[in-house]
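**Q** Sequence:
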Amino acid sequence: MKIATWNVNSIRVRLSHLCQFLTDISPDIVALQETKCEDEKFPLAEINALGYQALYQGQKSYNGVAVLAKKDLSLEPLTDYFTQHEQKRVLAVKHDDTLIVDVYIPNGQAVGSEKYIFKLAWLQELLNLLKTLKSKYSKIVLLGDFNIAPEEIDHTSANFIKDKIMISEAERELFQQMIALGFYDSFRLFNKEPKQYTWWDYRIRAFEKNLGYRIDHILVTEALIKDCIACDVEKTFRALDKPSDHAPVVLTLSL
DNA sequence: ATGGCCTTTATCAAAGGA
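As numbered in this note's numbering, residues 1 to 255 make up the first sequence, in order.
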């Protein structure tokens, strides 16, 4: 069984790449972020045609999350904060006895900015949600665009962003609080090497030079660790013509 | 050392992303 996450940076612009991903990789479950698409404009027919069902929470222009799967999915309720928030950034769905939590954590713009304060507050709300879900489910996959590079080996040394969002102490501390709830970074179960990135800026020819950040993650609870076989960044999808700036991450399980 | 691209829309300029 394969579970994937991918920030597609507009599902309608990236639809051909997404279809190629579903065909070539054949994942069982895919969590998408930045669909940038209202629900009534979601390209459901094309996705259904490839044998996938979909649940999605979108809005115009910004944000938007979706989960695709070959098998049945059902919605898991969120806390009021996320249910009522105008920014559609989280979606929790049940898949058999496993809970899939798809997150698009805010970017934060610059350390100390209003958006950065929002990012930290949003993360605190996510922790509250995860505590609730953790008490209800033993098998949880928490995946998506976290906009946090957890360790020093997870970002390029040629840092061109002055304010250092994604690597600030407060963001990393909140990431570690998620880990402390009982989540494991599945990629690091298999690969301890530096320069293993999932996002490369469109500018500066960052992909060609491998100047990136590892900010897209698939975290699993302890009950799933024994089933994990591999976790890989599918860089070929970042190398396509007109790519998303993120590459998909794929976790393979012996299920 | 700087800035550089891509997507969206109340478009043809500006905002947001990371």
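Because the hints were derived from the structure by calculation, they are not lab data.
You may find that some hints are simply not true.
[Claimed, not checked] Pairs of lysine-lysine, DSS-like flavour, derived with a Cα cap of 27 Å:
id : residue 1 : residue 2
1  : LYS71     : LYS36
2  : LYS139    : LYS94
3  : LYS2      : LYS70
4  : LYS94     : LYS136
5  : LYS2      : LYS164
6  : LYS139    : LYS70
7  : LYS139    : LYS2
8  : LYS2      : LYS192
9  : LYS94     : LYS131
10 : LYS41     : LYS139
11 : LYS2      : LYS115
12 : LYS71     : LYS41
13 : LYS134    : LYS60
14 : LYS134    : LYS71
15 : LYS36     : LYS235
16 : LYS115    : LYS139
17 : LYS136    : LYS226
18 : LYS226    : LYS41
19 : LYS36     : LYS192
20 : LYS115    : LYS60
21 : LYS94     : LYS134
22 : LYS136    : LYS36
23 : LYS2      : LYS242
24 : LYS226    : LYS242
25 : LYS242    : LYS192
26 : LYS209    : LYS226
[Claimed, not checked] What follows is a set of in silico ranges between Cβ atoms, one per label pair, in the way DEER data are often shown:
id : residue 1 : residue 2 : range
27 : ARG203    : CYS19     : 25 to 33 Å
28 : SER61     : ALA121    : 19 to 27 Å
29 : ILE179    : LYS60     : 18 to 26 Å
30 : ILE25     : THR132    : 18 to 26 Å
31 : ILE153    : ASP72     : 18 to 26 Å
32 : GLU86     : ILE204    : 26 to 34 Å
Ideal Cβ positions, reconstructed from N, Cα and C, are used throughout, including at glycine.
**Q** Now look at each hint and say whether the structure bears it out.
**A** Now for the hints, and whether the structure bears them out:
no., hint, result
1, LYS71 with LYS36, "holds, 25 Å"
2, LYS139 with LYS94, "holds, 10 Å"
3, LYS2 with LYS70, "holds, 11 Å"
4, LYS94 with LYS136, "holds, 12 Å"
5, LYS2 with LYS164, "violated, 33 Å"
6, LYS139 with LYS70, "holds, 19 Å"
7, LYS139 with LYS2, "holds, 15 Å"
8, LYS2 with LYS192, "holds, 21 Å"
9, LYS94 with LYS131, "holds, 17 Å"
10, LYS41 with LYS139, "violated, 32 Å"
11, LYS2 with LYS115, "violated, 34 Å"
12, LYS71 with LYS41, "holds, 23 Å"
13, LYS134 with LYS60, "violated, 31 Å"
14, LYS134 with LYS71, "holds, 23 Å"
15, LYS36 with LYS235, "holds, 22 Å"
16, LYS115 with LYS139, "violated, 32 Å"
17, LYS136 with LYS226, "holds, 20 Å"
18, LYS226 with LYS41, "violated, 39 Å"
19, LYS36 with LYS192, "violated, 33 Å"
20, LYS115 with LYS60, "holds, 19 Å"
21, LYS94 with LYS134, "holds, 13 Å"
22, LYS136 with LYS36, "violated, 31 Å"
23, LYS2 with LYS242, "holds, 25 Å"
24, LYS226 with LYS242, "violated, 38 Å"
25, LYS242 with LYS192, "violated, 30 Å"
26, LYS209 with LYS226, "violated, 35 Å"
27, ARG203 with CYS19: 25 to 33 Å, "holds, 27 Å"
28, SER61 with ALA121: 19 to 27 Å, "holds, 22 Å"
29, ILE179 with LYS60: 18 to 26 Å, "violated, 34 Å"
30, ILE25 with THR132: 18 to 26 Å, "violated, 32 Å"
31, ILE153 with ASP72: 18 to 26 Å, "violated, 39 Å"
32, GLU86 with ILE204: 26 to 34 Å, "holds, 33 Å"
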